[in-house]
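Asker: Whole structure, please, built from the sequences with the hints as guidance.
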Amino acid sequence: MRFDIKGNPSYGEVNVDLAPNETILIEPGAMSRMSSNMSSSFQRQGGFFSAIFRKMFGGENFFLGKYSHENGGSLTFAPSVPGAVEHYQLSNNNLNIMAGSFLACTPGVNIKAKFGGLKALFSGEGAFLLEASGNGDLFFNSFGGIIEKEINGEFIVDTGHVVAFEPSLTYKISGMGNWKSTMLSGEGLVMTFSGVGKIYLQTRTIDGIASWLTPRLI
Amino acid sequence: MNIKIDSEGAFGSAVVELEPGEKFVSEAGAMYRASSNVDIEVVSRKKEGQGFFGGIAAGLRAMMAGETYHLSSYQAGRGPGEVGLAPTHQGEVRKVEIGSETWICSGGSYLGSSAGIELDTQYQGLTKGMFSKEGLVFVKASGQGDLLVNGFGRISEVAVDNGVTIDNGHLIAFTDGLEYEIGKAGGGWISSMMSGEGLVMKFRGQGKILVQSHDPSRLGGALGPLLPPRKG
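If you read the sequences in order, they're chains B and G. So that you can map any letter, position 143 of the first sequence is 143 in the working numbering, and since no number is skipped, the others follow by simple counting. So that you can map any letter, position 149 of the second sequence is 149 in the working numbering, and since no number is skipped, the others follow by simple counting.
In case anyone wonders, no lab produced these hints; they're calculated from the structure. This structure is a prediction, so every number in the text was calculated from the model and none was measured. Be aware that one or more of the hints could be misleading.
Quick list of in silico lysine to any residue cross-link-like pairs, SDA-like style, CA-CA up to 25 Å [stated by the list, open to error]:
1) LYS149/B - LEU201/B
2) LYS184/G - SER35/B
3) LYS202/G - SER74/B
Answerer: Following this line, the structure appears as structure tokens:
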């Protein structure tokens, strides 16, 4: 499979050339154009309960759109919100993705919703996150640009801005310094990551634009 | 006349440089700046030989195409002048040369055109219009000159040789002569609905299509639930 990500950070979209019988699984509704020969169907990702769980808690769909053709073909997909698209190569390792950020993967990748623990309730990302594992290509998206950062030691991220992180990183939720700076900095709670690994951050949040827009709507 | 795409990417716009006497039209409200020697006039969409009611009908048809009832016309008086045009929503602006090719813009994609271009509306038929999400009426641009279109997100050009399927909500414009039909994305209706695409536009023939990377109604679907309920 050959892919090409274009339009980042404002309008990321992915062009994919599929070889004969190669398959890609895409979030429902994300296909924007394709060669006419391409056949589309749907597939449940993982077991029945895992799919239900992912739908209820992971902010994702029960089924994924499945695209392939015996002669191959090309296809373009884009997320629902404007922003960046990022690729991650899985080779028997895991990546944690925030609920709702999944865009597409190749069939060797498994996506599961998992409970992030009580601290996840305060992360601004929902209590559940998605765990991608297996082998293959994974695409995820953000609202706004995506910043990739190698962490070695400690790193602070505002809640709501994490898109994905490698499981070698752990985080805890805390305030910014003392209670005064926590309340007045406008940041509220932050996530302090520690360990060695990669993290992907989004420069904007969809909740942020929604609350900015709300008082301006008539 | 010289048209510069002023800024690319998230917030595209265009600057049209006019020689004395040259004319450019755009949808009403698209101008955001103009030099002081440019005469700005509101014109009806009436064509030569059409009467008063012909102009009204043309305006109403344009509204069916998601365009404004009137057009704005810009003409440079003494000395050269320039007009800056920008669409309402974010996204790219693209210049298309009309001459050997005639282009058809989906509802809301037309931004402006030079005086040599004749604009006409083209009814898409009830079934196509209802299901394509692109409007009942399209705008046909023929003649000789430059056309400006706008899209939500990135604009890409796609060549149709062996047929191309476009998800509804992504079409900006296509060359005259291409045919399309509304159909299901996959093998069966169930798989089309379950794969989340539902209906798509299947293009056939030889020609080009301009598409936008993002579907505004999907952004609406993502943003809508986060906004407070609104009356009416």
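Asker: Decide, hint by hint, whether the structure agrees.
Answerer: Here is what the structure says about each hint:
no. : hint                : result
1   : LYS149/B - LEU201/B : holds, 8 Å
2   : LYS184/G - SER35/B  : holds, 14 Å
3   : LYS202/G - SER74/B  : holds, 15 Å
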